[in-house]
Every structure is written in C-alpha cells, then in structure tokens.
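S.K.: Letter by letter, the chains look like this.
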Amino acid sequence: MAKLNVAQALNAALAQALEADETVIVLGEDVGKDGGVFRITDGLLDRFGKERVIDTPLAESGIVGTSVGLAIAGMKPVAEIQFLGFIYETMDQIASQAARVRFRSLGRFSAPMVIRTPYGGGVKAPEIHSDSLEALFTHTPGIKVVTPSNPYDAKGLLLAAIDDPDPVLFLEPMRLYRAFRDEVPDEPYRLPLGKASVVREGTDITLIGWGPSVPLLKAAADELTARHDISAEVIDLMTLTPLDEETIVESVKRTQRAVVVHEAVRTSGFGGEIAAVLQEKAFLYLEAPIFRVTGYDTPYPTTMFEDLWLPDTTQIVATALDAIRY
Amino acid sequence: MGDVSELFPLIVRMDEDGELVGDLGLVTKQDLVDVYREMRLLRAFDERAWNLQRQGVIGTYAPFKGQEAAQLGATKPLDDSDWLVPTYRDWAAGYVRGVPVTHGLFFSKGHPRVGDVPKSANVLPAQVVIGAQTLHGVGVAWAAKLKHERTATVVTFGDGSTSQGDFHEAMNFASVFSVPLIFFCENNQWAISVPIERQMRAKTIAQRALAYDMEGYRVDGNDYVAVYNLIAELAGRVRNGEGPFLVEAVTYRLGAHTTADDPSKYRVEAEEERWARRDPISRIEKFLLRESLIDEEQIQAVDVAAKAWVEEVLADFKAELSISSSVLFQSVYAEMPQSLANQFDQYMKRVKEVGA
Numbered sequence: 000m001a002k003l004n005v006a007q008a009l010n011a012a013l014a015q016a017l018e019a020d021e022t023v024i025v026l027g028e029d030v031g032k033d034g035g036v037f038r039i040t041d042g043l044l045d046r047f048g049k050e051r052v053i054d055t056p057l058a059e060s061g062i063v064g065t066s067v068g069l070a071i072a073g074m075k076p077v078a079e080i081q082f083l084g085f086i087y088e089t090m091d092q093i094a095s096q097a098a099r100v101r102f103r104s105l106g107r108f109s110a111p112m113v114i115r116t117p118y119g120g121g122v123k124a125p126e127i128h129s130d131s132l133e134a135l136f137t138h139t140p141g142i143k144v145v146t147p148s149n150p151y152d153a154k155g156l157l158l159a160a161i162d163d164p165d166p167v168l169f170l171e172p173m174r175l176y177r178a179f180r181d182e183v184p185d186e187p188y189r190l191p192l193g194k195a196s197v198v199r200e201g202t203d204i205t206l207i208g209w210g211p212s213v214p215l216l217k218a219a220a221d222e223l224t225a226r227h228d229i230s231a232e233v234i235d236l237m238t239l240t241p242l243d244e245e246t247i248v249e250s251v252k253r254t255q256r257a258v259v260v261h262e263a264v265r266t267s268g269f270g271g272e273i274a275a276v277l278q279e280k281a282f283l284y285l286e287a288p289i290f291r292v293t294g295y296d297t298p299y300p301t302t303m304f305e306d307l308w309l310p311d312t313t314q315i316v317a318t319a320l321d322a323i324r325y
Numbered sequence: 000m001g002d003v004s005e006l007f008p009l010i011v012r013m014d015e016d017g018e019l020v021g022d023l024g025l026v027t028k029q030d031l032v033d034v035y036r037e038m039r040l041l042r043a044f045d046e047r048a049w050n051l052q053r054q055g056v057i058g059t060y061a062p063f064k065g066q067e068a069a070q071l072g073a074t075k076p077l078d079d080s081d082w083l084v085p086t087y088r089d090w091a092a093g094y095v096r097g098v099p100v101t102h103g104l105f106f107s108k109g110h111p112r113v114g115d116v117p118k119s120a121n122v123l124p125a126q127v128v129i130g131a132q133t134l135h136g137v138g139v140a141w142a143a144k145l146k147h148e149r150t151a152t153v154v155t156f157g158d159g160s161t162s163q164g165d166f167h168e169a170m171n172f173a174s175v176f177s178v179p180l181i182f183f184c185e186n187n188q189w190a191i192s193v194p195i196e197r198q199m200r201a202k203t204i205a206q207r208a209l210a211y212d213m214e215g216y217r218v219d220g221n222d223y224v225a226v227y228n229l230i231a232e233l234a235g236r237v238r239n240g241e242g243p244f245l246v247e248a249v250t251y252r253l254g255a256h257t258t259a260d261d262p263s264k265y266r267v268e269a270e271e272e273r274w275a276r277r278d279p280i281s282r283i284e285k286f287l288l289r290e291s292l293i294d295e296e297q298i299q300a301v302d303v304a305a306k307a308w309v310e311e312v313l314a315d316f317k318a319e320l321s322i323s324s325s326v327l328f329q330s331v332y333a334e335m336p337q338s339l340a341n342q343f344d345q346y347m348k349r350v351k352e353v354g355a
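Protein chains in written order, with numbering that gives the first Met the number 0: chain A, 0 to 325; chain B, 0 to 355.
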C-alpha cells in the first residue's frame, strides 16, 4: 500500500495492465518519451518498449480509428486523447465506429478499447483544454463513460475499463491529477463499472456528481453539516454510462431532495438526465424540484473568468438550502 | 517539379479488346474461364438487386457494375488468414472472401444480418461513413504486425474517400508504422455527382503515395489480369513484412451511385459509352473467344447459370429474412446494462402488441 495521487494511480494501473496482458498497448500523442502531457504514461516506454507504448502522429481520428482496427483484430488499445476538448476531431471514429462495431456486426466483432482523456477546468489552461463534454458520449449507445474522482477509484476503474469487452471513454479530472493522495493497494484490483458510490451517507438531501465535482460535493456536505445542521448524502456516479439508477433513486427516496452538480454547460447536460430519472422513479418521494449546479450555457471561458464560471461550494450549499427550504 | 503522375503509368496486361499487351503472369487461362463465369454471375446479381430496389423489395442499393475486375482482382490473391476491410459497394469483393452476396441485399434492406459475417471470413461489415474504414484497415494490419502474423490486409475505398481527412491520417499512420496493408482505391471516377477532377487537382490518386513515402501503383481496374498480378505481388511482399502500398484501380461505375440518383443528370452518355467499351467482363470474353476457350454456346450457358444462381441467392435471402426483433438490443454491449434492459422490456411489450 502506498500513498499515491490520481496521476500515479493511473500510471500504476497502466503498468500492471501492460504487464499482465501482452495485447494491451498504449498509444497517443506524446505518451512515449514524454510520458504524456500530464505524465500519466511516464516510464512505460522504457519498461515496455516502443511496440507497446506508442507515440503516434498528431491526429486524433487516426489514434481512435486505428485503435478500432487494432481492437477488432485482437489487440487491447488504451488510447490517450490529450484533452477532451480535442475529441471532436475523432467524434466519428468514437460515436459512429467504435461504439457501433458490436452492434453493426451482430456481435461477430467488437472493439474493446479504452480512450483516456483529461477533462474539466480549474487549471488555467488555454481555450478548448477545459471543456466537459461527457454528455456527447452518454448520448452515444455502445460506449461506456467512466470517470474517477480519487486515486483509489482511478486505479480500480481503469483496470476494469481495460478488461471490459466494450469501448470505454475514461475521463480523468485534470485538476485532481495531483490534488491529493490516497492509500492505493499495490496489487491490481478492479471496481465494477456501472456502480455508483455513496461516498458520504446523509439523511436530508442527496448531492450527486462525478469526477472533478466530487471534492466540491464533499466540501459542501461538510459545510451544510457544520453551519446548517443538514445531513447531506454524497453520491459519486463513477460511471455515467451505464448509469447506476438504483443507487441514486434509493438515496433520493430516503432524502427526498437532490442537487446534481457538473462542470459541463447546463443545457442537455447529463444533470438533466439524472433529474429526469429521479422524477420518473421517485416522484412521489420528492419534497422539492431536482436542482442543478452547472457551468453556464456559454463556451468555456478564457481563464480570466474561469473561477466565476465554474460551480463552487458556495453555489452548491446555497442550492441545497433552496431545496431544503422549498 | 515535373508532372509526377508520369511516375505512375497505368499498368495494363489485357486491353479493352481482350488483347494481351502483357503476359498473364500468375493467372492461368482456366482461371480466366472461371473468373469470367463468376463475374457474369455477380453482374447478374447486381442488375437484379437494382431491379429489386425498383420493385420495393430492398432499399437503397449501391451497384458495383463495372467494378468486378477490380474487386475480384483485389481479393482472389488473398489467403484465408488475410483481411478485407471493404466499403459498401464491394459485395463482389466480399463474396470472394466468403461473405454471401445476400449481404448486399441485407445491407439495402436495412436488415441486421448484413453484419453477421461468417466466422470463417476475415471481412469487416461495410460501414457508410466515407473513408472511415481506411483507419480500421490500418489498425487491423497493425495488429497483425504487432502479433508477428504473416497476414496481408486490403482496405478498399472509392475515389471520393481520398478527399477525407481519415484517408490521409490512415496513409500517414500506415506509413509511419510500416503496417502490412494495401490501400486499394477503386477510382470509379464519380463520387455521386462529383467527378474526380473536382475531388483533387492531382492527376492520379496513386501519386498521393509520394507524400507518404509509400510505393504507389496505378492499374487498369477493368483488367482482371493486371489487378490480380499486382495484388498477388504486393500481398506477398506485405506478408514478408513490407508495406504499406497504395493501389489506384482505374475503373468506372457503369451504373448510378445508388438507386437514389440518376447519372444522366451529371454525366454525358458519350463517357458512359466509352467506358462500356472498356467493360471488364467483355474484354475477358473477347479473349476467351479468340483463344477458343469458350464458344457462343457456353456463353449462353453462363446466361442460364447466372439466372439460376441469382434465383438461388434470392431464395437464400428470403429464407434468412426472418430474425428476432430482440437483436436490436442484444449487441449494443457485451452484457445488457440494467437501464437498457428496462427499455428492452418496454420494447418487447411493444413488439408483442404490434405483433412483429
């Protein structure tokens, strides 16, 4: 057991996957010598060689499109897209190709692969480097969308994603890469995909989020307890697709109130889906509307206004109080 | 810079009059008798498929009429372990590699069985985003290289694909990683209504290879003998670790892009007539007649055989049409997630109500 941050936990998971299965390869821009722009693949080239850890040309569609072919023919590609904001370049190869291989071939072929990509704001990055575009992919049948919020989950979810028989988009919260450390077991372990986690139990309201929002939810829950004597339950979805409806519905049936938080822009964000599921399945339990705390419906701002744009603890607390007092 | 297209002279072995301007190479006279028959059968199928769309039996169909030599020449030299990554007009190529031509009808019918490629065939199901499969071809070939397998992969696409970013990314990845792949472009001159001169300023597609430091070849795509020999040679080299290669097969779509367009709107009859004289089947027929390898009576017999074969194909098609409505949900993921299972229950209730 070692104290690792998210970046180190992901690196450990990749190393163990490469070690255990010779069909696993890592490919992407700068993933070799440079170890990736966030150093997630640091040291893997030296350890596993250039046939397993591959610096590719600078072309996102090429990275994912060749990964589709590699996966169909029996390899297990773990592709890195440098920032989620660049994913549009390969939208067709993900949504119309990778996600449809199994469906198109009635199961004769499949494309088990992982697309890892950092996302989310708060690190003062240039334009297109901070966008949260998860809803594009939760809207895409055939692909799973997974996002950890801490080092322990990062390792367990990434190893599970690599094992998964279907393509997985693995979203890594950029500002949490080196934000804190957790005890992470040395040995490989897997956390189930499609399973949300109640990271804090509570009785008065359910705060739901994923990835970079989870630390905010915990801080908001702390504040609600300390200053308002409100017991908030916090749920980290961990997997957006397939969604663990049961965990959120059961929680909200108990607390009767919910706030969903995400960095992505509000309209057609995944928070809307959560709210829809809750009102369909827990309507008569609800004491207040499901509220959302999200990014605004503008393009992700230049860094000058980033802090004003991103959801913060204060907003979450205020919105939770709105729900409580509704 | 001089005219680089001169570096890619058209390779021809049998001209449009069925005269040998090169030798037969690896193709035997008996092969030609067999291939002639096979092309006639496939042509009959293609024409029938067109009519089936007109009768409302199937939906939009993309005919391959005129491209038989290119498709057979690109695939006949392949071994069982080799891969074909085709575009959606390549039912003749798929047929050679073990995919029944009924799949062309399933595709047009919107029938899920189109994807149910026989286990014995290393052929990907056709996908419709132009050029997207070129990257899949690179990946499949790359996997063979990483696994140290001696297999060749052929990825097929049309002239329109060469304008797509994915094609260029595929060429570049293939070149950078030296993957054992043959890019096989069926340049049929027209991308729906847009002629090749409007796709590119370059005179040939083959010369695109130069930019990727790849060997490129330009072959008469209506000359089975030339295409076969070229692909046989390149596939052998690819299996020995060489490649990638780009092949431009110069051919012509004798029919429409699909049943949904009328070529008379965008191209002139004189051009169609010129290409009709270069028909890949008639040149073999002329050769076989001159060499007394077939006679008029045998030609008539092929007509009869083609008709009968197409009837068999149609019978197979009809016999395989029935399929459970549940397949819609069963191959989205390896295991159906609970949230999808709930929708599946609703869907099956609806199926029951509608009586599908």
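In short, the hints are calculated from the structure, not lab data.
Any given hint could be a false lead.
With a cut-off of at most 25 Å between alpha-carbon atoms, the simulated DMTMM-like pairs for lysine to aspartate or glutamate come out as follows [as the list claims (entries may be wrong)]: (1) B/K306 - B/E46; (2) B/K144 - A/E245; (3) B/K348 - A/E245; (4) B/K144 - A/D29; (5) B/K144 - A/E28; (6) B/K146 - A/E21; (7) A/K280 - B/D344; (8) B/K144 - A/E50; (9) A/K49 - B/E148; (10) B/K144 - A/E18; (11) B/K264 - B/E241; (12) B/K146 - A/D162; (13) A/K217 - A/D91; (14) B/K146 - A/E305; (15) B/K146 - A/D20; (16) B/K348 - A/E21; (17) A/K194 - B/E334; (18) A/K49 - B/E334; (19) B/K348 - A/E50; (20) B/K144 - A/D162; (21) B/K348 - A/E272; (22) B/K146 - A/D29; (23) A/K280 - B/E334; (24) A/K32 - A/E21; (25) B/K146 - A/E18; (26) B/K108 - A/D91; (27) A/K49 - B/E46; (28) B/K144 - A/D45; (29) B/K146 - A/E279; (30) B/K144 - A/E244; (31) A/K194 - B/D344; (32) B/K118 - A/D162; (33) A/K252 - B/D212; (34) B/K144 - A/E21; (35) B/K146 - A/E245; (36) B/K146 - A/E50.
S.K.: What hint numbers does the structure not satisfy?
M.R.: 2, 11, 13, 14, 16, 18, 19, 27, 29, 30, 33, 35
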